[in-house]
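Student: Make the full structure from the sequences, and use the hints.
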Amino acid sequence: MNLKPETLLRIDEAITHYPVKRSATLPLLHLIQEDIGHIPDEAIEWVAAKLELQPINVYEVVTFYPMFKRKPIGRRHIKVCRTLSCALMGGYKVCDTFKKEFGVELDEVTPDGGTTIEFVECLASCGTAPVVMIDDDLHENVTPEKARELAAQIKAGTAVRK
Amino acid sequence: MSAPQQRRIIFQHIDEPGYTPDIDCYLRHGGYEILRRAVTRPPGELRDEVKQSGLRGRGGAGFPAGVKWSLVDRKSGKPIYLIVNADESEPGTFKDRYIIHQDPHQLIEGTMISCFANDVKQAYIYIRGEMPHGARLLERAIAEARAKNFVGPNILGTGYSCEIYVHRGAGAYICGEETGLIESLEGKRANPRIKPPYFPAVLGLYQCPTIVNNVETLCHVRHIIDMGGVEYAKIGTPNNTGTRIFGVSGHVQRPGTYEYECGKITLGQLLYDVCGGPLPGRKLKAVIPGGSSAKVLRFGEKFTLKNKDGSTRELAMEDIPLDFDTLAACGTMGGSGGLIVMDDSVNMVEALANINAFYSHESCGQCTPCREGSLWMKKITSRMVHGNARREDAALLKGVADQIPGRTICAMGEGCSWPTQSFLAKFGEEFEAYHETKKNRPADALPLI
Ligand SMILES: Cc1cc2nc3c(=O)[nH]c(=O)nc-3n(C[C@H](O)[C@H](O)[C@H](O)COP(=O)(O)O)c2cc1C
Ligand code: SF4
Ligand code: FES
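Protein sequence lines correspond, in order, to chains A and B.
Numbering that gives the first Met the number 0 puts the first residue of the first sequence at 0, with every later residue one more than the last.
Numbering that gives the first Met the number 0 puts the first residue of the second sequence at 0, with every later residue one more than the last.
It should be emphasised that the hints constitute simulated quantities derived from the structure, not laboratory data.
We treat Cβ as the ideally placed atom computed from N, Cα and C, and that holds for glycine.
A few of these clues could be false.
Restricting the straight-line Cα-Cα distance to at most 35 Å, the calculated cross-link-like pairs of lysine-lysine (DSBU-like) are [what the hints assert, rightly or not]:
(1) A:K20 x B:K120
(2) B:K74 x B:K147
(3) B:K284 x B:K187
(4) A:K98 x B:K438
(5) B:K74 x A:K20
(6) B:K378 x A:K68
(7) B:K437 x A:K98
(8) A:K145 x B:K147
(9) B:K120 x A:K49
(10) A:K145 x B:K437
(11) B:K187 x A:K3
(12) A:K99 x B:K437
(13) B:K263 x A:K68
(14) B:K294 x B:K263
(15) A:K20 x B:K284
Facing chain A, according to a computed beta carbon distance under 10 Å, are these residues of chain B, among others [claimed, not checked]:
(16) C24
(17) M130
(18) T256
(19) S291
(20) P320
Here are the simulated distance ranges between beta carbons [stated by the list, open to error]:
(21) B:G255 x A:H37: 32 to 42 Å
(22) A:L8 x B:A327: 46 to 56 Å
(23) B:R312 x A:H16: 47 to 57 Å
(24) A:N140 x B:R139: 53 to 63 Å
(25) A:E33 x B:E300: 40 to 50 Å
(26) A:I14 x B:I193: 22 to 32 Å
(27) B:E435 x A:E148: 38 to 48 Å
Tutor: Here is the structure:
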């Protein structure tokens with residue numbers, strides 16, 4: 000596991016926020032996942048050693064919180080809201096549109112390693128339903144047409160990276 | 000009767016053109032003046048103001064904030080912590096998002112006043128993981144406030160010091176429950192703690208006295224200290240003071256957030272006059288008034304309520320004033336202020352199956368009734384939707400739901416069973432007749448599950 004020097008600095012800073020080191024578990028896991036994309040076994044052991052815990056203490060946290068991924072996911076991460084307000088406004092259709100556009104099922108990675116689609120629970124933006132998060136950005140009032148446009152933008156971006 | 004005017008106290012600057020989340024903008028609008036005045040007063044006096052204001056928590060339970068603060072163990076000699084609950088995870092709730100993204104300094108000022116009033120030296124803002132921009136905005140706002148000496152050591156030269164840090168969750172609903180939140184902040188699974196003995200006011204974060212308040216609640220504190228508790232209590236209605244932000248989502252013409260004096264607007268006024276009523280060609284059928292765990296209300300329903308003198312009065316569903324007490328008397332709750340509206344296109348079995356899928360996904364799994372009950376409610380409602388209902392399923396569903404409340408560690412036990420109980424009580428015929436409705440439904444009907 001090769002963390003960027005900047006990640007290491009931010010990790011040391013995060014630990015100072017708490018009187019008890021164990022509290023830094025979530026912040027450290029976030030920083031590592033932002034850096035390397037997921038939480039492999041060695042990250043669990045590394046965090047445990049850093050915070051003077053047993054690996055099981057970190058493992059049980061990683062497996063409890065849906066945002067932490069044990070395996071690599073796509074570089075682009077689409078989260079469609081599944082919950083009631085979004086569903087009432089067409090969230091399931093939006094999710095299907097994304098699945099069709101990328102030709103994958105939920106939680107898979109597109110063959111080019113580019114994209115993963117996840118159907119998640121309420122994103123706290125129910126008044127502008129249906130909503131979708133793409134990486135860190137929220138997209139509101141997403142119709143199937145808008146979903147197709149967003150998919151096209153993502154595909155164009157992935158093509159540029161190649 | 001048309002709807003009253005909005006009274007925007009907390010949302011005064013939300014969506015205002017030119018209003019930005021940086022400290023310069025906030026200072027131009029009188030920001031941190033109230034903190035400046037607050038730190039010259041004895042902390043006990045500030046706590047009394049909050050008590051007199053009658054402010055009730057905006058996170059869900061509506062517990063009076065002043066009373067919560069008075070329960071804090073101040074004699075233990077341990078540090079007192081304050082946690083801002085910015086988890087905003089109850090489906091249908093989307094108000095704190097706008098405060099965090101558009102007016103973060105209002106929250107920081109309210110938090111610092113509350114910290115000073117309670118002799119808190121360390122506060123945490125627990126923000127849900129799915130708001131990364133919000134977390135960065137809050138971090139930047141705290142850094143700006145620290146640079147101007149509103150946060151950090153020796154605040155405004157008073158000798159009082161207090162830090163705030165932002166702590167991000169990672170996608171688990173149960174982190175909104177205050178003791179689950181505390182466990183999560185300690186770096187563990189968010190398994191709620193049993194009360195007693197783990198009342199946060201006595202045994203909270205690191206087993207120290209801890210205050211957990213919702214984002215909106217702490218913003219109100221700023222305005223209470225500004226106008227005085229007695230003046231604030233004149234806003235709204237008795238025992239339901241101040242303003243409330245209502246987040247309306249689902250099948251209305253103008254969904255969104257609206258701030259009104261508590262109890263001064265009725266459900267009908269909000270949904271028809273303010274939100275424009277149903278979509279063209281539709282009729283309103285049901286509304287969940289306070290986040291998805293609140294019991295559903297059916298349009299056309301009437302309630303018989305007790306008056307103080309023992310007589311009774313009849314109240315139509317549309318005429319319910321949106322406060323804490325009347326909604327509770329009607330068998331539901333104001334909860335988090337999030338209203339989810341459903342029109343006559345919605346099949347209630349499918350809507351409930353959607354809700355049940357949420358709760359079964361989010362149970363922390365500690366208590367058998369909640370873990371197994373939420374799972375079975377999901378299984379039964381989804382097999383109904385997918386055409387595999389059994390004749391006895393409606394009765395079975397009720398049996399499962401009735402065995403959960405009162406038998407669990409945290410209030411999610413109630414929260415996950417109330418939707419099933421109320422949908423069955425009010426729309427039972429749709430559950431009984433589900434085979435037929437399913438057959439009659441157009442193939443292109445919007446899927447909810
Ligand atoms: C299952 C569950 C989820 C909750 N989620 C939230 C939440 O997302 N945000 C919140 O402020 N309160 C939530 N609460 C309520 C908190 O436990 C707590 O009562 C509240 O933060 C107290 O703040 P207040 O008194 O200012 O309302 C939840 C409660 C339960 C039982
Ligand atoms: S009621 Fe449910 S969420 Fe709450 S502690 Fe028990 S299992 Fe966990
Ligand atoms: S239901 Fe989708 S954001 Fe709340």
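Student: Would you mind marking each hint as holding or not holding in the structure?
Tutor: Now the hints, each set against the structure:
Simply put, A:K20 and B:K120 have alpha-carbon atoms about 18 Å apart, close enough for the 35 Å limit, and the pair holds. With a CA separation close to 32 Å, the supplied pair B:K74 and B:K147 stays within the 35 Å bound. At roughly 42 Å between alpha-carbon atoms, B:K284 and B:K187 are farther apart than 35 Å, so this suggested pair is violated. Between A:K98 and B:K438 the alpha-carbon distance is near 27 Å, which keeps this suggested pair within the 35 Å criterion.
Note on B:K74 and A:K20: the hinted pairing holds, with a Cα-Cα distance of about 26 Å set against a maximum of 35 Å. Proximity of B:K378 to A:K68 is assessed by CA-CA distance (about 26 Å); at most 35 Å being required, the pair is judged to hold. About 26 Å separates the Cα atoms of B:K437 and A:K98, which keeps this hinted pair within 35 Å; it holds. Distance restraint check for A:K145 and B:K147: the Cα-Cα separation of roughly 43 Å exceeds the 35 Å cut-off, and the hinted pair is therefore not satisfied.
Distance restraint check for B:K120 and A:K49: the Cα-Cα separation of roughly 26 Å lies within the 35 Å cut-off, and the hinted pair is therefore satisfied. In summary, the hint linking A:K145 to B:K437 is supported, as the alpha carbons are separated by about 30 Å, within the 35 Å threshold. Straight-line distance between C-alpha atoms of B:K187 and A:K3 comes to about 26 Å, which keeps the hinted pair within the 35 Å bound. Distance hint between A:K99 and B:K437 is fulfilled; the C-alpha atoms sit about 26 Å from each other, no more than 35 Å.
Between B:K263 and A:K68 the alpha-carbon distance is near 47 Å, which puts this suggested pair outside the 35 Å criterion. About 22 Å separates the Cα atoms of B:K294 and B:K263, which keeps this hinted pair within 35 Å; it holds. For the proposed pair A:K20 and B:K284, the alpha carbon gap of about 51 Å is over 35 Å, so the pair is violated. At a threshold of 10 Å, the smallest CB-CB gap from B:C24 to chain A is about 22 Å, leaving the interface hint violated.
The interface hint given for B:M130 holds, since its Cβ lies 7 Å from the closest Cβ of chain A, which is under the 10 Å cut-off. Interface hint status for B:T256: upheld, as the beta-carbon distance to the closest one in chain A is roughly 6 Å, under 10 Å. This hint holds: B:S291 has a C-beta 6 Å from the nearest C-beta of chain A, less than the 10 Å allowed. For B:P320, the suggested interface contact is broken, since its CB lies about 22 Å from the closest CB of chain A, more than 10 Å.
Under the hint 32 to 42 Å, the C-beta atoms of B:G255 and A:H37, about 37 Å apart, fit the expected range. Between A:L8 and B:A327, the C-beta spacing of about 51 Å keeps the proposed range 46 to 56 Å intact. A C-beta distance of roughly 54 Å is found between B:R312 and A:H16, which places it inside the suggested range of 47 to 57 Å. Hint check: A:N140 to B:R139, Cβ distance near 28 Å, so the stated range 53 to 63 Å is violated.
A beta carbon spacing of about 49 Å between A:E33 and B:E300 agrees with the range 40 to 50 Å that was offered as a hint. For A:I14 and B:I193, the hinted distance range of 22 to 32 Å is satisfied, since their beta carbons lie about 30 Å from each other. Restraint check, B:E435 to A:E148: a C-beta distance of roughly 40 Å satisfies the suggested window 38 to 48 Å.
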